[in-house]
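K.L.:
So you can see what is in the structure, the chains are spelled out below.
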Amino acid sequence: MRPVIPYVTAALLFGLGVYGVLRRRNAVLVLMAVELMLNAVNLILITADTTARALLPQGGQVFALFVIVLAAAEIGVGLAIVLQLYRMRASVAVDEVPLADGPATEPIPAGVTGSGRVAGSGRVAGSGRVAGGAGDAGPGAQRPEGER
Amino acid sequence: MSTTTLLGVLLPVVPLVAGLTGLLLPPSPRGAATGQETARRLAVGLGVAGAAGALALAVALLFTLDSSTEASTTWIRFGGLTVTLGVRLDGAAALVAVAVAAVALAVQVYSTGYLKRGPHDDVDVDHRYPPYAAQISLFTAAMLLVVVSGDLILLLVGWEVMGLCSYLLIAHDRRLPAAPAAAMKAFLVTRVGDVGFLLGIALLGVSAGSFRIADVLAHDHGTGTLTAATLLLLAGVAGKSAQFPLHTWLPDAMAGPTPISALIHAATMVAAGVYAVIRLWPLFEATPTVLAVLGVMASVTLLLGAFAATAQDDIKRVLAWSTVSQLGYMTGALAVGSPPAALFHLLTHAAFKALLFLAAGVVIHAVGTTLMSRMGGLRHRMPVTFWCTVVGLGALAGVPPLSGFWSKEGVLAAAESALLGDGPAPAWVGWLVFLSGLLGVAVTAWYATRLLLRTFFGAARDPLLNPHDPPAVLRWPVLLLAVPAVLLGLAGFWPAFADRLPSAVPGEPATAELLHVAPLMLLPLALLALGAGLAWVRWRRDSAADPATALGPLRPVFARAFRLDDVQHTLVVRPTAALGRLARGADERLVDGAVTGTGRAARALGGGLGDLHRAALPRAATAVLAGALLIGLAAVLIGATS
Amino acid sequence: MTGVDVLLLALGAVAVGSAVLVVTTKHLVRAGLYLVVCLGAVAGLYLVLAAELVAWVQVLIYVGAVVVLLLFAVMLTRAPIGASDDLDRPGWPAALIGGGVGLGLAVLMVDAYRWTTVELPAAGTAERIGEQVFGSWVLPFEVLSILLLSALVGAIVLSRPDIGAARQATGDPDREPGRSR
Chain A
1 MRPVIPYVTA ALLFGLGVYG VLRRRNAVLV LMAVELMLNA VNLILITADT TARALLPQGG
61 QVFALFVIVL AAAEIGVGLA IVLQLYRMRA SVAVDEVPLA DGPATEPIPA GVTGSGRVAG
121 SGRVAGSGRV AGGAGDAGPG AQRPEGER
Chain B
149 MSTTTLLGVL LPVVPLVAGL TGLLLPPSPR GAATGQETAR RLAVGLGVAG AAGALALAVA
209 LLFTLDSSTE ASTTWIRFGG LTVTLGVRLD GAAALVAVAV AAVALAVQVY STGYLKRGPH
269 DDVDVDHRYP PYAAQISLFT AAMLLVVVSG DLILLLVGWE VMGLCSYLLI AHDRRLPAAP
329 AAAMKAFLVT RVGDVGFLLG IALLGVSAGS FRIADVLAHD HGTGTLTAAT LLLLAGVAGK
389 SAQFPLHTWL PDAMAGPTPI SALIHAATMV AAGVYAVIRL WPLFEATPTV LAVLGVMASV
449 TLLLGAFAAT AQDDIKRVLA WSTVSQLGYM TGALAVGSPP AALFHLLTHA AFKALLFLAA
509 GVVIHAVGTT LMSRMGGLRH RMPVTFWCTV VGLGALAGVP PLSGFWSKEG VLAAAESALL
569 GDGPAPAWVG WLVFLSGLLG VAVTAWYATR LLLRTFFGAA RDPLLNPHDP PAVLRWPVLL
629 LAVPAVLLGL AGFWPAFADR LPSAVPGEPA TAELLHVAPL MLLPLALLAL GAGLAWVRWR
689 RDSAADPATA LGPLRPVFAR AFRLDDVQHT LVVRPTAALG RLARGADERL VDGAVTGTGR
749 AARALGGGLG DLHRAALPRA ATAVLAGALL IGLAAVLIGA TS
Chain C
791 MTGVDVLLLA LGAVAVGSAV LVVTTKHLVR AGLYLVVCLG AVAGLYLVLA AELVAWVQVL
851 IYVGAVVVLL LFAVMLTRAP IGASDDLDRP GWPAALIGGG VGLGLAVLMV DAYRWTTVEL
911 PAAGTAERIG EQVFGSWVLP FEVLSILLLS ALVGAIVLSR PDIGAARQAT GDPDREPGRS
971 R
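Residue numbers (our numbering), protein chains in the order written: chain A, 1 to 148; chain B, 149 to 790; chain C, 791 to 971.
Hint data in this document are derived by calculation from the structure and do not stem from the laboratory. There may be inaccurate statements among the hints.
Stated by the list, open to error - Just a few of them, taken from the derived set where beta-carbon distance is under 10 Å, the chain A residues facing chain B: (1) V18; (2) V21; (3) L22; (4) R23; (5) R24; (6) R25; (7) A27; (8) V30; (9) V94; (10) D95; (11) E96; (12) V97.
Unchecked claim - Pairwise CB distance ranges (calculated): (13) B:L781 with C:R904: 15 to 25 Å; (14) A:R53 with B:L760: 38 to 48 Å; (15) C:G881 with B:G733: 55 to 65 Å; (16) C:V908 with B:A750: 52 to 62 Å; (17) C:P880 with B:L760: 18 to 28 Å; (18) C:V908 with B:G755: 48 to 58 Å; (19) B:A763 with C:G881: 13 to 23 Å; (20) B:G755 with A:R53: 54 to 64 Å; (21) C:K816 with A:A72: 19 to 29 Å; (22) B:G755 with C:V900: 43 to 53 Å; (23) A:A54 with C:F862: 35 to 45 Å; (24) C:V794 with B:I786: 34 to 44 Å.
As the structure is a prediction and not an experimental result, all values here were calculated from the model. C-beta: ideal position from N, C-alpha, C; glycine also.
Please work from the sequences and hints to get the whole structure.
P.N.:
Here's what the structure looks like:
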């Protein structure tokens, strides 16, 4: 048996998983790509049982079992998160997830609304002040004439 | 510790304790009737007790002191330099201490009446009397400290405390717009001189390795060091004693209450400079250059003050300029090498100038103004004040046998002997001081006569007023001060007194130097008669007009003291203010700008980094995995090469 | 080349090929189905590599449970039937990094093992693996059970909207009835 074949298979699977994680927008597809990566690792662990003589026999297979359990847990929690996200935002696109509250979360929209709000309120206050001043000055300037 | 030393130590301590205790008193409550509040009574008691105690100690010191004594204990040791806490007592110190304490006592008593209802007849009670009295006590203590101090650093402490107290007291009447500005000016102008004084003391102390006056005097300084140090000291003396370039604060200080003017002009502040020179006389004696500078300064000050006094309308400003002029006499006597004459004039001047100021305060109190153009005809209404003022002005002008005549005569005689080449200073300095002194006599007589005529003679210019002689608490200090103003000159003939004057120059016969009865005496007398006569003739022609109109076009120049204030304003104040604005602008724009700019930049950078960190999942995953790939690549490559 | 190698090559090709389809297909559901093929091929690889138990566990848990869960998720998020256009992001960084990682690892593996042959070890039957798990690895096994439990609880809390919503409702109980009136 030539171990290089499963090893290269695992390497390629891992690379495809990486590609999938980075490429996909849909969260479910991202999770599938993660599964690919986990499987690649499992494959390496099991192949290692044939090439490396460990102190304990079948250590790689035991590890692979553990990883499978971990993967099951991961997929459970991950899918729960995805469903919650879908419930909140009606979308599972990972690049539309807001990360925190506040203006810096989504730079462009927050900047637009924030500056717009500031400029707008400033304009309103300034014009109000000008108008008030004019209103004060008007009667004040006219009063002496009226008294005369 | 001998009795003498104990007296010397207690001398500044007693008013100091009174002053510090007085500062703890609360201000009088608003709305309380005059004389009813405990705080005021306590303050009056403390102030008067402090001054009286100091006077008793000073008199006791004067009589127990037979020779110079010195006692000190180490205070601080700065490596090679030692600062001691000590007293140096001699005849001059005792005499000046008596004068200071006497004037302080008179002022304390007088103030209780003068500041009863607040300055300028405000109906309110003067609520800030307790701190005022305490500050006078502190002022007295500081001056006495300067007088008895045996160490230059200790002397400097008193010197600076005096500057502070003068600032506080001149600004006492906060309702006057001029008072805070005048206080600030007095503080700043004397401060300019004090810088020189401090540097001079440091130079002397470092050169001698000790700050004890005895050590400093005994040490053989190099000529350069000595000249530099004495010149620097002279700057401080000019500041405190209002000599020519730094005299401008003194007339403005008239914004303070009149008793404070008396205190500053007669006993404490201005005397300190002259006294400091007397104290360190051997140093000055060894430097003819510095004495020449002092002589020029003195002559300019003398004439400047005298001429400026001729054109003033404010009675207090006339007296202030006369103080400047008389200080010129004192420093002139020092410049021609006669500390006893200077000290003698200092003492008589203390007596008659305190008398004059307190009498002027009585007049101001009665008339309600300080302008002579609204006085006049007060002779019959206020006979006591009138006669006291006559005595004071006579002494000021130098009418024999009043005190001022003898002391001024001493100054002129010293100058005369100096112009013959018989002194430490060059002969031309003698000529300068002598001639300006003689001219000063005539001008002094002129303005003294003018003051007397404008204030007490002629018709009352304000018929609504009903002036009257003051109550006892104002009258008695004035009356008692008239006694030394009359008699102190004759005391120069009393050997016990005269022997105590020239303590700085041991081993010389004093009496002969101090008082001459010589044909040359007639010259100043003639000039005196000339000056007084001119003023009288002018007044005789038109008793309603100001004799100062005779000055013609010079009058506004004299009234503004040769526009030196404007010069000072242009040359010093405005550039300084501009520099201050520039520094402020630089501080606000550059320094603050740099600070806020740094903050803003850091915040913007942090915000940018934060945005980078808050990347959405795709970018974050890309970054993490790309980083992992790079690290793996690096590990492989490094592992391959090593 | 022995028969084992041929098997390995064939199964590896199937796994890699279906994995390529998983990460490139435009159909969400088909991605899940291709994943089944890929995971099955990997399970076959396990069998060839003499890991019997792991292979069956792989089929049971991965193919049976995980993929079914994923398909459920696809349906619950109302994925469209048929091709979708908005599944992908710009590809070049992903291709660069994914290709770099995959090919880099492959080069490392090829460099490390060349064309050497090894003997297959004894088959990893349930008995042998069980001895190991409940002998040497019993402590990690217990820890893993705790992890599974916490994941279970976490998934329940996350996926049940009434747990979080109940708290909000008690905080402001009058609002909804008031509005309905």
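K.L.:
Hint by hint, say whether it matches the structure.
P.N.:
Each hint tested on the structure:
Because the closest C-beta pair between A:V18 and chain B is about 6 Å apart, less than 10 Å, the hint holds. A least Cβ separation of about 6 Å between A:V21 and chain B falls short of the 10 Å threshold, and the interface hint therefore holds. Annotation: interface hint on A:L22 holds; nearest CB of chain B at approximately 5 Å, less than 10 Å. Hint status for A:R23: holds, given a least beta-carbon distance of 9 Å to chain B, under 10 Å.
The beta carbon of A:R24 is positioned within 10 Å of a beta carbon in chain B (closest approach about 9 Å), and the interface hint is therefore held. A least Cβ separation of about 8 Å between A:R25 and chain B falls short of the 10 Å threshold, and the interface hint therefore holds. About 9 Å separates the beta-carbon of A:A27 from the nearest beta-carbon of chain B, less than 10 Å, and the hint is met. Interface hint at A:V30: satisfied, since its Cβ lies 8 Å from the closest Cβ of chain B, which is below the 10 Å cut-off.
At about 4 Å, the closest approach between the beta carbon of A:V94 and any beta carbon in chain B falls short of 10 Å, and the interface hint on this residue holds. Interface hint at A:D95: satisfied, since its Cβ lies 5 Å from the closest Cβ of chain B, which is below the 10 Å cut-off. Taking 10 Å as the C-beta contact cut-off toward chain B, the hint placing A:E96 at the interface holds, the least distance being around 8 Å. The beta carbon of A:V97 comes within 6 Å of a beta carbon in chain B, closer than 10 Å, and the hint placing it at the interface holds.
Taking 15 to 25 Å as the suggested C-beta distance range, the pair B:L781 and C:R904 conforms, at roughly 21 Å. Checking the proposed 38 to 48 Å range against A:R53 and B:L760 shows it holds: the Cβ atoms sit about 47 Å from each other. At about 58 Å, the CB distance of C:G881 to B:G733 agrees with the hint of 55 to 65 Å. Taking 52 to 62 Å as the suggested C-beta distance range, the pair C:V908 and B:A750 conforms, at roughly 59 Å.
A C-beta distance of roughly 19 Å is found between C:P880 and B:L760, which places it inside the suggested range of 18 to 28 Å. C:V908 and B:G755 have their C-beta atoms about 56 Å apart, which keeps the hinted 48 to 58 Å range intact. A C-beta distance of roughly 19 Å is found between B:A763 and C:G881, which places it inside the suggested range of 13 to 23 Å. Checked against the hint of 54 to 64 Å, the pair B:G755 and A:R53 passes, with Cβ atoms roughly 55 Å apart.
Distance hint check for C:K816 and A:A72: the Cβ-Cβ separation is about 28 Å, which falls inside the suggested range of 19 to 29 Å. Distance hint for B:G755 and C:V900: a CB-CB separation of about 47 Å, consistent with the stated range 43 to 53 Å. Checked against the hint of 35 to 45 Å, the C-beta distance between A:A54 and C:F862 comes to roughly 38 Å, which is consistent with it. Checked against the given bound of 34 to 44 Å, the beta carbons of C:V794 and B:I786, roughly 36 Å apart, stay inside it.
Taken one by one, the earlier hints all hold for this structure without exception.
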